[in-house]
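Asks: This is what each chain is made of:
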Amino acid sequence: MPDADFMTVVTALAVASFACRAGGFMMMRFVRITPRVEAALKAVPLAVMIGIVVPAAAAGNLPEVAALFAVGVVMKLLGNEFLAAVAGLAVVAAGRWLAF
Amino acid sequence: MPLFGLVSCRWIMTVSGRCAEGCGDNSRNDFRGACAGHHSMSSNRTTFSRAGIRHGFVMAQPLAASVLLYGAVFGVLAGESGLSTLQAVLMSTLVYSGSAQLAALQIGVTTALLPPLLLAVLLLNARYLLYGAALRPWLGGMSPAAAYGTLFLTGDGNWALAMKEYANGNRDAGFLFGSGLAMYAPWALGTLGGHMLASWVPDPRALGLDFMLVAFAAAIAVGAWRGREDWWPAAASALAAVLVYRLLPGGWHIVAAGIVGAAVGAWRHRDA
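In order, the protein sequence lines correspond to chains A and B. Mapping the first sequence onto the working numbering, position 83 (from 1) lands on 83, and the numbers just tick up by one. Mapping the second sequence onto the working numbering, position 77 (from 1) lands on 1077, and the numbers just tick up by one.
These are calculated hints, taken from the structure and not from any lab test. We put the beta carbon where it would ideally sit given N, CA and C, even for glycine. It is possible that part of the hints are untrue.
What the hints assert, rightly or not - Label pairs and their computed distance ranges (CB to CB):
1) Ser1081(B) x Leu62(A): 27 to 33 angstroms
2) Asn80(A) x Leu1114(B): 38 to 44 angstroms
3) Ala19(A) x Arg1268(B): 27 to 33 angstroms
4) Gln1061(B) x Leu98(A): 31 to 37 angstroms
5) Leu1248(B) x Phe69(A): 27 to 33 angstroms
6) Leu62(A) x Thr1111(B): 40 to 46 angstroms
7) Trp1231(B) x Leu62(A): 23 to 29 angstroms
8) Trp97(A) x Gly1227(B): 24 to 30 angstroms
9) Thr1085(B) x Ala66(A): 35 to 41 angstroms
10) Thr8(A) x Leu1248(B): 23 to 29 angstroms
11) Phe69(A) x Ser1143(B): 27 to 33 angstroms
12) Ala1235(B) x Lys76(A): 18 to 24 angstroms
Construct all of the structure, not just a fragment, from the sequences and the given hints.
Replies: Here you go:
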């Protein structure tokens, strides 16, 4: 059975996590969604994904950069996110294996 | 492929919580198509149907496969950090955030480290504030139980998938719930499996598993690309991410990219 210390931490982290999920939704109750606000919200998904990818790309390690290229190519060809991500993993694994 | 771009803005002005809630109640037993069929004429009607949940659950299965793997990665890493199987699964089912859970493992899961742990989780999940805000028009008319239950299940992948579905005219919030469920279950199961397999995977890095989140984010970004109008927000958010990544630790660069992308998107918007 997990001890009280662990349960305290996990409960606190769960509350923080859910507060983020519910917080934006609750905030928008008081914000009028104009076309401009909607344009802002629609720009968010791409921007967040770019935010996740950019540090890995900017580090400039060859396996990772080649893998991102592979993700882009497979995504354009097949349009399937999972297959594209798996192609990226394969290139990273192969690149790291070759580097040894 | 147009993902987020094709939705008319007019419906937003007409959505009022009460009206949409009534709509949801009336059509709870309808097939999804009954409401979706209207969407080109009156796209303000939001619903929450069982058929919608099924549809979302099925459509999210390609994502579910990758979540299962990502969950397994967390399970392996949790095992290496000394968490028991039950502890790892509890963390995945309650916190339900891959990046935050991985950061928590790196910090150390103990009350002595609660302040940095909480800050890390808030920072890494701040993007969900933006996700939830974007879902307001869709979930605003639902009952609190349906709305907050759906928000609890929302993750990066199914949110992006659902926003694409919304842009294509789907107003059935059941899709959001079903696709969320399709990611939540494999996240928990993957954690369980990964933790049990922990001793058999000597080096997750050699398999490129640490690259999973980045590869998946890149795939979603390519899929989310709408066209020429995306260049400015994309370039600005990339620049913001690089700058903030160099200046601040933690997940701030992801938050900065989202905020800057939103600001530039609003700035470039032209009222039709």
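Asks: Is 38 to 44 angstroms right for how far apart the beta carbons of Asn80(A) and Leu1114(B) are?
Replies: Hint holds: Cβ distance 41 angstroms, inside 38 to 44 angstroms.
Asks: Verify the CB-CB distance for Leu62(A) and Thr1111(B) against the hinted window 40 to 46 angstroms.
Replies: Distance hint for Leu62(A), Thr1111(B) holds at roughly 42 angstroms.
Asks: A range of 24 to 30 angstroms was offered for this pair. Does it hold for the Cβ distance of Trp97(A) and Gly1227(B)?
Replies: violated, 38 angstroms
Asks: Could you say whether the range 35 to 41 angstroms given as a hint is met by the Cβ separation of Thr1085(B) and Ala66(A)?
Replies: With a Cβ separation near 36 angstroms, Thr1085(B) and Ala66(A) satisfy 35 to 41 angstroms, so the hint holds.
Asks: Please test the hint of 31 to 37 angstroms on the beta carbon pair from Gln1061(B) and Leu98(A).
Replies: Holds, since Gln1061(B) and Leu98(A) (Cβ atoms, about 33 angstroms apart) stay within the stated range.
Asks: Holds or violated: the 27 to 33 angstroms window for the beta-carbon distance between Ser1081(B) and Leu62(A)?
Replies: With a Cβ separation near 30 angstroms, Ser1081(B) and Leu62(A) satisfy 27 to 33 angstroms, so the hint holds.
Asks: Could you check the hint for me, namely that Leu1248(B) and Phe69(A) are 27 to 33 angstroms apart, CB to CB?
Replies: holds, 28 angstroms
Asks: Note whether the CB distance of Ala19(A) and Arg1268(B) lies within 27 to 33 angstroms or breaks it.
Replies: holds, 31 angstroms
Asks: Does 23 to 29 angstroms hold as the CB distance between Thr8(A) and Leu1248(B), or does it fail?
Replies: The hinted range 23 to 29 angstroms holds for Thr8(A) and Leu1248(B), with Cβ atoms some 28 angstroms apart.
Asks: Is it true that the C-beta distance of Ala1235(B) to Lys76(A) lies inside 18 to 24 angstroms, as the hint says?
Replies: Since the Cβ atoms of Ala1235(B) and Lys76(A) sit about 20 angstroms apart, the hinted range of 18 to 24 angstroms holds.
Asks: Given the range 23 to 29 angstroms, decide if the beta-carbon distance of Trp1231(B) to Leu62(A) lies inside it.
Replies: Taking Cβ atoms as reference, Trp1231(B) and Leu62(A) lie about 27 angstroms apart, which means the hint holds.
Asks: Tell me if the beta carbons of Phe69(A) and Ser1143(B) are separated by a distance inside 27 to 33 angstroms.
Replies: Violated - the Cβ-Cβ distance for Phe69(A) and Ser1143(B), about 46 angstroms, lies outside 27 to 33 angstroms.
Of the numbered hints stated above, those contradicted by the structure are hints 8, 11, listed in ascending order.
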